[in-house]
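Number of protein chains: 4
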Amino acid sequence: MIQEEIKLRVRYAETDQMGFVYYGNYAQYLELGRVAVMKKAGVSYRELELSGIGLPVKDMNIQFLRAATYDDEIRVMTTIDTMPTNRITFYYKIYRELDLLVEASTTLFFMDKASLRPLRMPNWVENQLKPFFN
Amino acid sequence: MIQEEIKLRVRYAETDQMGFVYYGNYAQYLELGRVAVMKKAGVSYRELELSGIGLPVKDMNIQFLRAATYDDEIRVMTTIDTMPTNRITFYYKIYRELDLLVEASTTLFFMDKASLRPLRMPNWVENQLKPFFN
Amino acid sequence: MIQEEIKLRVRYAETDQMGFVYYGNYAQYLELGRVAVMKKAGVSYRELELSGIGLPVKDMNIQFLRAATYDDEIRVMTTIDTMPTNRITFYYKIYRELDLLVEASTTLFFMDKASLRPLRMPNWVENQLKPFFN
Amino acid sequence: MIQEEIKLRVRYAETDQMGFVYYGNYAQYLELGRVAVMKKAGVSYRELELSGIGLPVKDMNIQFLRAATYDDEIRVMTTIDTMPTNRITFYYKIYRELDLLVEASTTLFFMDKASLRPLRMPNWVENQLKPFFN
Chain A
65 MIQEEIKLRV
75 RYAETDQMGF
85 VYYGNYAQYL
95 ELGRVAVMKK
105 AGVSYRELEL
115 SGIGLPVKDM
125 NIQFLRAATY
135 DDEIRVMTTI
145 DTMPTNRITF
155 YYKIYRELDL
165 LVEASTTLFF
175 MDKASLRPLR
185 MPNWVENQLK
195 PFFN
Chain B
65 MIQEEIKLRV
75 RYAETDQMGF
85 VYYGNYAQYL
95 ELGRVAVMKK
105 AGVSYRELEL
115 SGIGLPVKDM
125 NIQFLRAATY
135 DDEIRVMTTI
145 DTMPTNRITF
155 YYKIYRELDL
165 LVEASTTLFF
175 MDKASLRPLR
185 MPNWVENQLK
195 PFFN
Chain C
65 MIQEEIKLRV
75 RYAETDQMGF
85 VYYGNYAQYL
95 ELGRVAVMKK
105 AGVSYRELEL
115 SGIGLPVKDM
125 NIQFLRAATY
135 DDEIRVMTTI
145 DTMPTNRITF
155 YYKIYRELDL
165 LVEASTTLFF
175 MDKASLRPLR
185 MPNWVENQLK
195 PFFN
Chain D
65 MIQEEIKLRV
75 RYAETDQMGF
85 VYYGNYAQYL
95 ELGRVAVMKK
105 AGVSYRELEL
115 SGIGLPVKDM
125 NIQFLRAATY
135 DDEIRVMTTI
145 DTMPTNRITF
155 YYKIYRELDL
165 LVEASTTLFF
175 MDKASLRPLR
185 MPNWVENQLK
195 PFFN
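Protein chains in written order, with our numbering: chain A, 65 to 198; chain B, 65 to 198; chain C, 65 to 198; chain D, 65 to 198.
Calculated directly from the structure, the hints in this document are not laboratory data.
We put the beta carbon where it would ideally sit given N, CA and C, even for glycine.
Any given hint could be a false lead.
In silico lysine-lysine, DSS-like type, Cα no more than 30 Å apart, as pairs [stated by the list, open to error]:
| hint | chain 1 | residue 1 | chain 2 | residue 2 |
| --- | --- | --- | --- | --- |
| 1 | B | K103 | B | K122 |
| 2 | B | K157 | A | K122 |
| 3 | B | K103 | C | K71 |
Reference listing, derived: stretches of chain B covered by chain A, where coverage requires no fewer than 3 residues with Cβ under 8 Å from a Cβ of chain A [claimed, not checked]:
| hint | stretch |
| --- | --- |
| 4 | 78-90 |
| 5 | 116-128 |
Sequences and hints are given; from them, build the entire structure.
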């Protein structure tokens, strides 16, 4: 298992007229969470793309339990709980202090950016992730 | 059952550097789809809010099957397939011509905007929706 | 001179907790306005990019006179008032019915997408635009 | 004069298919910059709004000199250079390391959120700002 937590502050731009974060904007918080957990494993998403490999999202499931509001400091805890194969499933919990605001998961797959076809997980990514799962 | 289809054209702003629509931006397309299906039933989301009632999203599930690209004309087909109670579940299919790009569902609930507490479905909304289900 | 008007409806996602369209989101409306005026001249922005040429924004000036709100139908009137050289300046007025909401201008330049260097206006674009200015 | 610098990392969501930050998204960076400079003066934007006062943007001028790309760490340096009256003008410079990417200014005014009418600068805000200008 590998897990990482990041802290964010809600931007004004991210709210909507209900006074809360617009539901679609949580996708950005999840993105930041999974980038952080990959970085913890030594995998830079930026470098992955520069090497010609994309990691598009295949599906997203998200439960909104409590709403985040402007200027809240929130924490995104992201987990990969089993060694990924050609797909990676990320689990997320977003908190404001001790309150759980959001639970989510996303599955992503490796894709060749030139051909837009699915790829096996690159060896160097596998080698970075393996030590966290055994 | 009630169903409505809308057409949209993908904005440049909605793409990301992968060259496709950013996965979080589909939430906006779903929003436009459900507003349209509600309008078909005679329920204006704008008026609902002006009457003091919000309709926040409780959960979203979304599968990304094919990617939409800049300037694509896409169709969002939105369905409510059973008479809602205090929650409404919307089902969505997003197409580009005959290709299915996205399948999704969201559940929303009625909320008193002042107290932020869940509400029963307003009578006038129920009366608008009922004729579509029997 | 070449001029085109488009109609848009304000999305919920575009509002912020002040209850109006977030000021940064007007940039998207301007984008849609200039794409439309280019299309009127027979220049598809999509095709321009596919031919390897980008059209990045060099500067933007925008005055917010009145605020747009959720579900408003707004009109973006976009004008190119002198024959562009290697840069194109677009002027915009955004209206809700007869009320002027926003006045803006942006200057864009042609860029080679591979080298990221400025380019002269492509001949085919020049030929499309010329008939509107004399 | 009062000045504050913040650091940000460019999100994937903020890029567009040109491979750079979408021009409209810089407005969010400016927002974060001015919130930070106000906070340095002891003025919380969140509290300002809770007290019934909004601070909408009246105009924005922005020059894009170099493009920011995904995962760049950028710095937003925000300055108020003369004591504000009923309007506040913020000046911004956005850097990536030593490269100047963006220069911008925005003017905002105080507004009563209930009546949507312009307001004089609240006394407590004036008192917080005054020590920085003399």
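Results for each hint:
no.	hint	verdict
1	K103(B) <-> K122(B)	21 Å, holds
2	K157(B) <-> K122(A)	15 Å, holds
3	K103(B) <-> K71(C)	19 Å, holds
4	78-90	holds (count 8)
5	116-128	holds (count 10)
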